[in-house]
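S.K.: Here are the chains, one letter per residue:
2 protein chains.
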Amino acid sequence: MRSLKVELGDRSYPIHIGGNLLQQPELLLPHLHSERTLIITNETVAPLYLDRLLNTLADKQVDSLILPDGEVYKTLATTELIFNHLLENRYSRDTTLIALGGGVIGDIVGFAAACYQRGVEFVQIPTTLLSQVDSSVGGKTGVNHHLGKNMIGAFYQPQCVLASTDTLTSLPQRELSAGLAEIIKYGLIADATFFRWLEDNIDALLTLDETAINYAVERSCQCKAEVVASDELEQSGRRALLNLGHTFGHAIETGMGYGNWLHGEAVGCGMLLAAEFSARLGWLNDEQVARSRALITAAKLPTALPSEMDCQQMLDLMAVDKKVKQGKLRLVLLRDIGEAVFSSDFDQGLLRETIQDFSQRS
Amino acid sequence: MRSLKVELGDRSYPIHIGGNLLQQPELLLPHLHSERTLIITNETVAPLYLDRLLNTLADKQVDSLILPDGEVYKTLATTELIFNHLLENRYSRDTTLIALGGGVIGDIVGFAAACYQRGVEFVQIPTTLLSQVDSSVGGKTGVNHHLGKNMIGAFYQPQCVLASTDTLTSLPQRELSAGLAEIIKYGLIADATFFRWLEDNIDALLTLDETAINYAVERSCQCKAEVVASDELEQSGRRALLNLGHTFGHAIETGMGYGNWLHGEAVGCGMLLAAEFSARLGWLNDEQVARSRALITAAKLPTALPSEMDCQQMLDLMAVDKKVKQGKLRLVLLRDIGEAVFSSDFDQGLLRETIQDFSQRS
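Going down the list, the protein sequences come from chains D and V. The first sequence: position 50 = 50 (our numbering), numbered continuously. The second sequence: position 248 = 248 (our numbering), numbered continuously.
Mixed in with the good hints, there may be bad ones.
Claimed, not checked - Only some residues are given here: those of chain D computed to face chain V with a beta carbon under 10 Å:
no.: 1; residue: Gly-142
no.: 2; residue: His-146
no.: 3; residue: Asn-150
no.: 4; residue: Ala-319
Just so you know, these hints were derived from the structure itself, not from any lab. As the structure is a computational prediction, the values presented were derived from the model and not from experiment. Built from N, CA and C at the ideal position, the CB exists for glycine as well.
Given only the sequences and the hints, what does the whole structure look like? Please build it.
M.R.: Now the structure itself:
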């Protein structure tokens with residue numbers, strides 16, 4: 001097992017990464033300070049891991065709540081189900097919520113924890129690759145609005161993150177690829193050496209080679225933890241770099257209806273859009289774009305926009321992005337593999353052309 | 001005009017108190033950092049003060065949203081109306097929300113600001129006595145759940161508070177009394193001299209004597225600002241002292257259906273309950289209780305429980321209070337006029353007897 005720390009002063013917390021962590025009470029118990037604990041999971045994850053976690057915490061007063069599965073349920077309405085359950089069962093502020101599941105569960109439960117009685121503690125136990133390398137770390141919580149992804153939420157840090165990589169064996173192929181998108185992102189924005197390692201190890205990752213997966217999760221969490229520690233509330237622009245591909249990706253997710261494209265799939269396609277747009281601006285060369293395309297393709301991620309969406313719809317949806325400032329769209333773009341920039345200094349016409357090229361013409 | 005400051009490091013902000021502040025752009029403009037501003041108010045306050053504020057901010061890009069009036073609308077559903085409006089009109093994170101109204105507007109708008117795109121700036125312009133002396137200061141935001149008051153919310157500080165005391169002239173008598181409840185609270189918990197001043201000036205306050213009102217608002221805000229600066233997130237127990245009468249009061253509000261008793265009315269009755277219970281515990285003497293009762297009565301606040309509620313219902317509703325810890329109810333009680341304590345060390349039977357005595361037997 002490897003452990004990292006997200007350094008945020010009195011809100012610092014550890015990330016533990018390795019196999020079979022759900023069976024190790026000594027990892028969790030030090031972070032359960034409250035009288036009662038509620039595990040919140042979904043109907044897909046519950047049959048796989050809920051009993052295991054309940055057994056591990058048998059000495060504590062622990063109950064569970066099982067939500068429906070899917071991005072389409074990442075809503076204020078589902079958050080309200082959590083509040084109803086907590087109040088009907090008289091949970092006080094002296095409560096810890098445990099998010100057991102993927103990014104949707106982590107985001108909703110984190111947001112519910114941020115708001116219930118103005119804040120109770122919570123723990124992240126991510127069970128998908130995407131949530132282990134990205135969404136469980138850093139305290140971005142929230143839900144979707146039908147007009148935009150993650151538009152309602154809070155910055156709210158967990159007590160700890162337990163990334164038990166054995167849970168990845170139960171993941172469908174699409175979910176694995178979705179997670180790889182966020183891993184590739186760290187290579188693209190900050191670490192050319194890691195990008196090269198990913199090029200060499202993409203097949204090992206796709207077959208869940210234990211050493212490769214553990215390393216990829218650890219390196220991703222390291223990168224994320226470092227960025228979050230330096231810009232927790234996305235104020236300096238540094239944290240925004242973690243959103244490479246996300247402005248395009250969120251537009252795809254919203255436009256297609258939540259859950260039809262996985263978040264990681266949309267981000268994969270969005271990163272390639274960002275790379276190709278960067279090339280059009282003269283910032284990346286052809287070889288760098290080709291390497292980006294090759295790795296995203298090897299990870300079995302989509303490389304074209306869904307046929308249901310056109311360029312104008314993409315641009316309309318991108319206009320509500322959280323990074324819009326003074327009416328100007330700001331995008332994370334690439335200067336090199338391993339070097340991202342956050343910029344609004346680009347030609348809208350070139351952007352339109354790039355998106356047009358990604359549209360599937362039937 | 002008098003100005004105070006809530007000292008919270010880089011989240012510090014001023015409170016301006018005085019007459020006709022809504023007409024003074026120089027008070028507001030320094031706190032509107034964002035591209036767009038949305039004033040959120042309700043259908044009662046809008047006809048009185050919205051145009052005035054819009055005129056004052058004529059040089060900025062300002063729009064408004066008018067919500068229905070009343071505690072019954074302090075819900076997640078109303079918050080969602082705000083999110084809908086913001087997204088339909090493409091408000092970015094670069095937005096300031098202005099809460100123009102009483103405590104309900106301030107609490108909802110503050111909560112919406114805390115959650116919209118994980119946080120946008122907001123300004124409090126309280127137009128009721130209660131919100132000027134209490135709810136607009138200190139960053140407690142949130143909405144009600146049908147099972148409990150303020151159960152969903154966030155600690156989220158405004159950019160500034162503008163308490164324009166001329167707006168109090170439009171207040172119905174009941175709302176004025178409700179505000180006096182929170183003013184009396186500061187005397188009871190922290191300032192015997194102020195309590196004595198209130199005894200001497202209660203009639204001047206009820207007739208909105210300008211000097212008296214301005215002083216009472218200022219002294220209340222000073223007291224609140226000081227407590228909040230020392231315990232922003234209600235962790236040390238000091239901030240909890242501001243909740244004198246509130247555990248009883250919230251139970252009344254929830255039990256009666258939100259909006260039937262005003263918050264301040266419920267708190268007024270709740271403070272007297274706390275005083276009488278403190279006397280039963282031997283902590284207050286008869287004279288201190290009599291003075292408390294006399295001032296609460298003089299402020300035209302209720303001094304008995306609503307006839308619709310019985311003792312058991314009160315106790316059941318109090319059991320979900322946010323201050324419950326390890327299954328134990330904790331109450332703010334009085335050791336003296338001007339000295340409150342936060343305690344769970346009391347006899348449940350005596351509590352039941354006290355509540356029973358407040359029940360109206362018909």
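S.K.: May I ask you to test the interface hint for D/Asn-150 with respect to chain V, counting a Cβ-Cβ separation under 10 Å as satisfied?
M.R.: holds (8 Å)
S.K.: Please verify that hint: D/Gly-142, Cβ, nearest Cβ of chain V, below 10 Å or not.
M.R.: D/Gly-142 check passes; min Cβ-Cβ to chain V is 6 Å, inside 10 Å.
S.K.: Less than 10 Å between beta-carbons is the criterion; does D/Ala-319 satisfy it with respect to chain V?
M.R.: holds (6 Å)
S.K.: Identify whether the interface hint at D/His-146 stands, where standing means a beta carbon of chain V within less than 10 Å of its own.
M.R.: Since the shortest Cβ distance to chain V is 8 Å, the answer is holds.
Hint compliance for this structure: no hint is broken.
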